[in-house]
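S.K.: Protein sequence lines correspond, in order, to chains A and B.
The first sequence begins at 1 in the working numbering and counts up by one.
The second sequence begins at 1001 in the working numbering and counts up by one.
Be careful, since some hints might not be right.
As the list claims (entries may be wrong) - Mimicking DSS-like on lysine-lysine, the simulated pairs with C-alpha atoms at most 25 Å apart in a straight line are:
1) A:64 <-> B:1097
2) A:14 <-> A:55
3) A:55 <-> B:1069
4) B:1003 <-> A:41
5) A:20 <-> B:1097
Worth flagging that the hints you see were computed from the coordinates, not collected in a lab.
Since the structure is predicted, the reported quantities are computational estimates derived from the model, not experimental observations.
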Amino acid sequence: GAVVSQHPSWVICKSGTSVKIECRSLDFQATTMFWYRQFPKQSLMLMATSNEGSKATYEQGVEKDKFLINHASLTLSTLTVTSAHPEDSSFYICSASGPSGNEQFFGPGTRLTVL
Amino acid sequence: DAKTTQPTSMDCAEGRAANLPCNHSTISGNEYVYWYRQIHSQGPQYIIHGLKNNETNEMASLIITEDRKSSTLILPHATLRDTAVYYCIVRESGGFKTIFGAGTRLFVKA
């Protein structure tokens, strides 16, 4: 199947700093990518839909000024957590629509810890 | 909100078939049934999907009832490495967002 990568796989940062997470589709082009957040022992929660060349669509309750999403190319979407605080500590996962259009492939996730 | 209902957890003996049920009584005609699984601290892994016919691949089989209101994922010979949370999802084709429910936590025991 198609491969989606994320970088970094984990990051620890100080409160108040910003952190950028990259999501790449390695062997296919993805016009649409999705960002999720997962707290311990909970399911994945969709944060936003990222479309190449246009503004992201955020789910209700997700602050667009805090979670900046950029989808500048067909293989790369980035999520920037601005002014991170301990409550932003979570597992962030991206996914991309596969070439057939029927599948979604997920990245391995990025674990963010804010001290 | 998720459109599916799954048992919270299930146990299965290693080497036996694991049958994971899912109810999706409000599924619409253009929605597919997808199954993913998530092993601890990893991203979800695609398993299988179907529209109305039964499907089989190297990982699993998907049985969809004739009225499409429920389905069953079958892992024919479960191994310890199949211990994971299994998510049943209904969704239009891949370009649409995926809403996850709570899933079923499958424990495969030796």
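S.K.: Hints first: check each against the structure and report whether it holds.
M.R.: Checked hints:
As the CA atoms of residue 64 of chain A and residue 1097 of chain B are separated by approximately 18 Å, the hinted pair is consistent with the 25 Å bound. At roughly 28 Å between alpha-carbon atoms, residue 14 of chain A and residue 55 of chain A are farther apart than 25 Å, so this suggested pair is violated. Among the hinted pairs, residue 55 of chain A with residue 1069 of chain B is inconsistent with the structure: their alpha-carbon atoms are about 36 Å apart, more than 25 Å. Restraint check for residue 1003 of chain B and residue 41 of chain A: the C-alpha separation of about 20 Å stays at or below 25 Å, so the hint holds.
For the given pair, residue 20 of chain A sits about 22 Å from residue 1097 of chain B by alpha-carbon distance, which is consistent with the 25 Å threshold.
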